[in-house]
Structures are given as C-alpha cells and as structure tokens.
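**Student:** Each chain, letter by letter, is given below.
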Amino acid sequence: MMLELFTQHPLLAATGALLLLGVGFGALLGFAAVKFHVEGNPISEQVNALLPQTQCGQCGYPGCKPYADAVAQGDEINKCVPGGQATVEAIADLLGVEPTALDAEEKPKQVAFIREDECIGCTKCIQACPVDAILGAAKHMHTVIVSECTGCDLCVEPCPVDCIEMRTIPQSLQTWTWTLPSPIPPEVIASDREHAA
Amino acid sequence: MSEFLILFFSAVLVNNFVLVQFLGLCPFMGVSNKLESAIGMSAATTFVLTLASICTYITYHWLLKPLGLEYLQTISFILVIAVVVQFTEMVVHKTSPLLHRVLGVFLPLITVNCAVLGVALINVNKQFDFIHSTLYGFGAAVGFSLVLILFAAMRERITVADVPAPFKGSAIAMITAGLMSLAFMGFAGLV
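Respectively, the protein sequence lines represent chains A and B. Last residue of the first sequence? That's 191 in our numbering, and every number before it is there in order. Last residue of the second sequence? That's 202 in our numbering, and every number before it is there in order.
In case anyone wonders, no lab produced these hints; they're calculated from the structure. Source: prediction; values computed, not measured. No residue lacks a Cβ here, since even glycine has one placed at the ideal position from N, Cα and C. One thing to keep in mind: the hints can contain errors.
Selected chain A positions facing chain B (in silico; Cβ < 10 Å) [what the hints assert, rightly or not]:
hint, residue
1, A11
2, L15
3, G18
4, F30
Dumping the calculated PhoX-like pairs for lysine-lysine here, alpha-carbon to alpha-carbon at most 25 Å [what the hints assert, rightly or not]:
hint, chain 1, residue 1, chain 2, residue 2
5, A, K29, B, K179
6, B, K137, B, K76
7, A, K59, B, K179
8, A, K103, A, K133
9, B, K45, A, K118
10, B, K76, A, K59
11, A, K73, A, K29
12, A, K73, A, K59
13, A, K103, A, K118
14, B, K179, A, K133
15, B, K179, B, K45
16, A, K118, A, K133
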C-alpha cells in the first residue's frame, strides 16, 4: 500500500526517501554522540591553564599540555622550572595535595642575552627557542627580544660558540613589585603586645 | 578468484584513482608533504573508502532502486559518506585514542575526498554486486595509498634537492605528479 503510494507519486517518494535517510542518520549520529562521548580530562585542562605555556620541555615532556596530562595522571607537580614555586603551589591548590619544593633551585627571573660580537649567525638558538624570542638570519647577528623571552635557557646549550648567557633582569620601574611581607608571628597584634607590656 | 584479482589490480594500478582517473587530487597534493602524515591519511582513507562503498551499495540497492529513485544517488551518497566518516571518527575516538591520534586530523578531510564519491558512483555505473563493490572500493583505496605514499616519499627527497628557483615548492611537486601520472599511463590497457 505504502509502496504503491510512493511509486505513483515520485515527488513523495523522493522526499520520503531523503527524509528517511536524514532522520535515520541523524538518529544514528545523535546516538553515537551520546554513546561514544569522550570526556576530555577536565583536570588536565585546568592544570594546563596554570602552566606558563613556555613549551620549554624542561619538565621532560614535549610541551605544557603533555605535562598537564601527565600531572592529571598522577605525575609529580614540581617539574615546571619556568613556572617556579608559584606554579607548584597553584597546582597543589587545584589538586588538593601538599605543595612540594620545586625540582630545581628557584632563580630570579632571567632572560637570555646574546653577546652580539661573538655571534656567528648559525641560527641554532633560533630553532631551539620555543617562543620565537630570538631574531636573526643565517650568517647575521642574532638578538633576543627581551619582552618575549621566558628565560627557559634552552638556547644556551645549542650555541656552538657559547655566546648566550642568562642574565637576571635588573629591577626597573616596569619590573619592580612590592616585596611580600615576611610572615608575622601570630601573637604580635596590638592587644597582645599591650598585654605583654 | 582470478576475476577478483583482476578487478583488484585494475583498481590499484591500471585505473588508479589519482593518477589515471584524476580523483582525490586534493589530498594527493595537500597531505603529501610528510611521509608520516601521508601514511596516516592512507590508512584513514582505506578504512573509510571500503566502508563507504559497502554503505552506498546498501543505500542504493535497498532504498533508492526499489523506489525508482536512481537519480538521487549523488546527493544520498554524499549524505551516506559524511555520516560514515563522522560515525567512524566518533567510534575511533572512543575505542582507540592511539589510532585517533594517528588518523584524527585526516578523518574529517576524507568527507570531501572525491575519490570516495567517485568509487560509489562507479560501483553503480558498472553494476557491481556487493562483493565486487567492496573489493573495488578497497582496491581504489590501496591504489590511492600506494600513490600517496610514493609521492610523499619523493617530495621529502625533493625538498632537500637542488631545485632551480622558479620550480621550488608546489611547482616541482606538480611536475613530479605529472611524471608519475605518465608512468602509470604505462599500465593502460593491461586489463
């Protein structure tokens, strides 16, 4: 009966067939979207947001996202050297674990500096730089864009003439911050002091 | 048996989809810069092409033909292929994250690979039965993979070769593709 109706009205048949295909496939994909839904690991995303995104690889992973994944899987949280102790504490806070000491000595913020008269223009440091903070061309002098440099010191190793050094940024009006107050012993508040006196 | 072998090798070599029938040229030029990505693309295409030729066969012979709607084949095949690709991507993403990392980027690209639609339409035109359709789709995919991987390997070598300045980059790739096509023309008329 149904088939007869379709064969007699080609327009109806065409519309019906495509509608059937569309609805069928739509249902299939909708079902698949629910059934095969993949949870992106939310912890890994949040950890990744805390990392400094220098992609320097000093943690032993090829970038910040892989390290965030590893932390979400239970790796140590103290491997991010550019992030310093502050990042370790932020991740510890997020994951609810005890902050551990950074797996490297805490350094003041540094930038790479190329001694330009010694540079032979080999471009090796440019290839090593994860944030493209080194300018230069083959057989021409290179230089570091200080505002882009994250101080990851990945460019120091590949330099064949050792003309790159890490320099601590001198304090200027732009970089100066208040020093954090040293922790006050809890008993030293005004009333206590009076009481003691 | 020999009939199947002849059909397979005619799809792989003699009527190669890329170099003889000029279908699927976009991924052939686009994804052949690196051998690794070419292999990933080949694997994904092989999987989807075989599956798509099965699904389009079913759609055509179970739905379109009984209703006398053969003229809707192109549009419904596009729909079927898009759904097959999307569904495959979801399943692979869920079941095998490793495979998804290898094929992941390339799977959506295959939706617009005209070789997939080409195989489906040729299957209908030549009135292949189910087994022949599947084998022809698989053969076409193997041919596509063979040519893509060979071409990617050549392009990797060409990038370090001393190419004259005006021919650098895409120009020499086009010339290489043309020469490969000429070479494959040598198989013409064998089957």
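**Student:** Each of the hints needs a verdict: does it hold here or not?
**Tutor:** How the hints compare with the structure:
Because the smallest distance between the Cβ of A11 of chain A and any Cβ of chain B comes to about 5 Å, under 10 Å, the interface hint for this residue holds. With 10 Å as the threshold, the beta carbon of L15 of chain A comes within range of chain B, its nearest partner Cβ sitting at about 6 Å, so the hint holds. Because the beta carbon of G18 of chain A sits about 9 Å from the nearest beta carbon in chain B, less than 10 Å, this interface hint is met. For F30 of chain A, the interface hint holds, the least distance from its beta-carbon to any beta-carbon of chain B being 4 Å, beneath 10 Å.
Proposed proximity of K29 of chain A and K179 of chain B is contradicted: the alpha carbons are some 48 Å apart, above 25 Å. The suggested pairing of K137 of chain B with K76 of chain B holds, with an alpha-carbon distance near 15 Å, which does not exceed 25 Å. Straight-line distance between C-alpha atoms of K59 of chain A and K179 of chain B comes to about 36 Å, which puts the hinted pair past the 25 Å bound. Straight-line distance between C-alpha atoms of K103 of chain A and K133 of chain A comes to about 30 Å, which puts the hinted pair past the 25 Å bound.
For the hint pairing K45 of chain B with K118 of chain A, the CA-to-CA distance comes to about 23 Å; that is within 25 Å, so the pair holds. This hinted pair does not check out: K76 of chain B and K59 of chain A have alpha carbons roughly 51 Å apart, beyond 25 Å. Simply put, K73 of chain A and K29 of chain A have alpha-carbon atoms about 37 Å apart, too far for the 25 Å limit, and the pair is violated. Among the hinted pairs, K73 of chain A with K59 of chain A is consistent with the structure: their alpha-carbon atoms are about 13 Å apart, no more than 25 Å.
Only pairs whose Cα atoms come within 25 Å are accepted, and K103 of chain A paired with K118 of chain A is accepted, the gap being roughly 23 Å. For the given pair, K179 of chain B sits about 23 Å from K133 of chain A by alpha-carbon distance, which is consistent with the 25 Å threshold. For the given pair, K179 of chain B sits about 16 Å from K45 of chain B by alpha-carbon distance, which is consistent with the 25 Å threshold. Straight-line distance between C-alpha atoms of K118 of chain A and K133 of chain A comes to about 11 Å, which keeps the hinted pair within the 25 Å bound.
Of the numbered hints given earlier, the model fails hints 5, 7, 8, 10, 11; all others are met.
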